[in-house]
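Engineer: Assemble the complex: chain A is given as a structure, and chain F must be docked to it using the hints.
Heads up: the sequence lines are chains A and F, in that order.
With the numbering used here applied, the first sequence corresponds to residues 1 to 266, in that order.
With the numbering used here applied, the second sequence corresponds to residues 1 to 266, in that order.
Check the hints yourself; a few may be wrong.
Unchecked claim - A few chain A residues that don't get close to chain F, going by computed Cβ distances all over 10 Å:
| no. | residue |
| --- | --- |
| 1 | His27 |
| 2 | Leu54 |
| 3 | Gln55 |
| 4 | Phe59 |
| 5 | Glu81 |
| 6 | Lys175 |
| 7 | Arg190 |
| 8 | Gln202 |
| 9 | Leu203 |
| 10 | Arg235 |
| 11 | Gly259 |
As the list claims (entries may be wrong) - As a list, the in silico DSSO-like pairs of lysine-lysine whose alpha-carbon atoms are at most 27 Å apart:
| no. | chain 1 | residue 1 | chain 2 | residue 2 |
| --- | --- | --- | --- | --- |
| 12 | F | Lys61 | F | Lys51 |
| 13 | A | Lys109 | A | Lys177 |
| 14 | F | Lys175 | F | Lys195 |
| 15 | F | Lys51 | F | Lys263 |
| 16 | F | Lys58 | F | Lys19 |
| 17 | A | Lys61 | A | Lys51 |
| 18 | A | Lys177 | A | Lys195 |
| 19 | A | Lys130 | A | Lys170 |
| 20 | F | Lys58 | A | Lys263 |
| 21 | F | Lys51 | A | Lys51 |
| 22 | A | Lys175 | A | Lys130 |
| 23 | A | Lys58 | F | Lys51 |
| 24 | F | Lys263 | F | Lys66 |
| 25 | F | Lys130 | F | Lys175 |
| 26 | A | Lys66 | A | Lys263 |
| 27 | F | Lys66 | F | Lys19 |
| 28 | F | Lys58 | A | Lys51 |
| 29 | F | Lys177 | F | Lys195 |
| 30 | A | Lys263 | F | Lys51 |
| 31 | F | Lys263 | A | Lys51 |
| 32 | A | Lys58 | F | Lys263 |
I should point out that these hints are in silico values taken from the structure, not numbers from a laboratory.
C-beta atoms are modelled at their ideal positions from N, C-alpha and C, and glycine is treated no differently.
Protein chains: 2
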Amino acid sequence: MNSSIGIFDSGLGGLTVLKVLAQKFPHESFCYLGDIARLPYGNKSPETIRKYGLQILKFLKAQNVKVLIIACNSASTVFLEEREFEGIPLLNVIVPGSRAALVAAGMDKRIAVLGTSATIRSHAYATTLKALDSAVEVTETACPLFVPLVEEGVVEDPITELVALRYLQKIKQQKIKTVILGCTHYPVLRSDLRKVLGQDVQLVESGEVLSAELGQLFGNGGIEASSDGHGRQIRVCITDLTDHFERLATQLMDPEPIGRLEKVVL
Amino acid sequence: MNSSIGIFDSGLGGLTVLKVLAQKFPHESFCYLGDIARLPYGNKSPETIRKYGLQILKFLKAQNVKVLIIACNSASTVFLEEREFEGIPLLNVIVPGSRAALVAAGMDKRIAVLGTSATIRSHAYATTLKALDSAVEVTETACPLFVPLVEEGVVEDPITELVALRYLQKIKQQKIKTVILGCTHYPVLRSDLRKVLGQDVQLVESGEVLSAELGQLFGNGGIEASSDGHGRQIRVCITDLTDHFERLATQLMDPEPIGRLEKVVL
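Okay, chain A solo, but in the shape it has when bound (with noise of 0.2 Å):
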């Protein structure tokens, strides 16, 4: 099984998730798919962002790839029931990510979640996590503006602190000490969030959380690369290129390398 795992968000931001798969697994291949030239999907209808998701599972399956894997968020939420894509066994952020969070909120059963608009008007969280516990207390907020002010390398600064002040404040007041980044830009603002609510918060990140889910699919049985890692390719594919994505995917994989990106058509 030397086939490749497939990675899709609708921009850069999945490579936070790719940075961290690609460290917890050395020997692995993978196929990343960023669609630039239509992020962001977190202000998109379900409908527009179903469309686009398919093509992008698509042309992963055409890329041979074993598993695949949602780290987009807002995508995630129209694929929350599928667990394959014709055949292909298929990974969102969603339900492992409640699970995660319901084990580090623990007794305390009270959790946030930040995300785009999209994820926030689906409550795909906050119904997943009830599901789960119906005991649980969850807080939703729609951060739209942290995907831009990432993408403009505005992090670890006054104008982000402003606006996570302002975001955050109830998750503040309540001293809410469990709070799932519901969005694969969002760990690049760690330090500006921790500023806000405080060191000893818990933030639940989707590139453990789906390195704990593949770890566990790998566990179940013949998937897992056989070669020792020499030669592994690490593929990341964007839909639309400038010179301002090249700087902000090097940033994003810091310190892992990448090669050049490849511009694909959908």
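Structural biologist: Relative to the frame of chain A, chain F by itself:
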């Protein structure tokens, strides 16, 4: 010539232009297309912007228009030289905007241009301004966070003021008093910009500029509406639809009423 005037923008920002034109030309019908499913254009490559632009011009032509207006500055930069599309007069915002700025600046000859990354990277305004008057001094500044701030309604707000202070520092220090708002979203930030740059700053806005241009085109003959405006139509078509956009559209067109947004597939 009772066919309508076609206007295209990457999203709803161009409604600031439609509003001005609908008020100035009360006899005319309009057909607006906002490519919301694929916005923002401001960080896409010229090839991608051109591809999308041609699809939209074709769509608008099929709606029986007599003039085509590219309200989107990022798209205008890739159609800068073209004066017609398949036989229909084509207006962009860059050339008339530059002319208006030169008139506003007068003897001062110092002009600042604010725009998206794509618009600024193209240097379309600087090139056009220099071609019209080689003595002009142009300061170009990309303000990529302004569009998301407008779309999230963060207007007349300390966050936006802090962002504006960051972007406009040089313009403020050099006391440049003629500023081209090179993006259809920016007129919404008029008061935040004046707060930072001083009440005496002259803001050159696409709506005003295109209205003068259209007046001139009508003056040249024969295509102005002959009706009294009774029953004129203002259609707003978009490529994706969420509640968020209904609200944003109403806010941008206020106090002009708009009908239901029409979702179209290109």
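Engineer: Would you mind marking each hint as holding or not holding in the structure?
Structural biologist: Each hint tested on the structure:
1. His27: holds (35 Å)
2. Leu54: Nearest chain F Cβ is 15 Å from Leu54/A, so the label holds.
3. Gln55: holds (13 Å)
4. Phe59: holds (17 Å)
5. Glu81: holds (22 Å)
6. Lys175: holds (24 Å)
7. Arg190: holds (20 Å)
8. Gln202: holds (27 Å)
9. Leu203: The claim holds: Leu203/A sits with its nearest Cβ about 23 Å from chain F, beyond 10 Å.
10. Arg235: holds (20 Å)
11. Gly259: Holds: least Cβ distance 20 Å, greater than 10 Å.
12. Lys61/F with Lys51/F: Holds. Lys61/F to Lys51/F sits at ~16 Å (cutoff 27 Å).
13. Lys109/A with Lys177/A: Since the Cα atoms of Lys109/A and Lys177/A sit roughly 10 Å apart, the hinted pair holds (cutoff 27 Å).
14. Lys175/F with Lys195/F: Holds, at about 13 Å.
15. Lys51/F with Lys263/F: holds (20 Å)
16. Lys58/F with Lys19/F: Cα-Cα ~23 Å, so holds.
17. Lys61/A with Lys51/A: holds (16 Å)
18. Lys177/A with Lys195/A: Holds: Lys177/A and Lys195/A sit about 13 Å apart, inside 27 Å.
19. Lys130/A with Lys170/A: Status holds; Cα separation ~20 Å.
20. Lys58/F with Lys263/A: holds (26 Å)
21. Lys51/F with Lys51/A: holds (20 Å)
22. Lys175/A with Lys130/A: holds (20 Å)
23. Lys58/A with Lys51/F: holds (23 Å)
24. Lys263/F with Lys66/F: Status holds; Cα separation ~22 Å.
25. Lys130/F with Lys175/F: Holds, because 20 Å separates the two Cα atoms, which is no more than 27 Å.
26. Lys66/A with Lys263/A: Given that 27 Å is the threshold and the Cα spacing comes to 22 Å, the pair holds.
27. Lys66/F with Lys19/F: holds (19 Å)
28. Lys58/F with Lys51/A: It holds: about 23 Å lies between the C-alpha atoms, which stays within 27 Å.
29. Lys177/F with Lys195/F: Answer holds: Lys177/F to Lys195/F is near 13 Å, not above 27 Å.
30. Lys263/A with Lys51/F: holds (15 Å)
31. Lys263/F with Lys51/A: holds (15 Å)
32. Lys58/A with Lys263/F: holds (26 Å)
Hint compliance for this structure: every hint is met.
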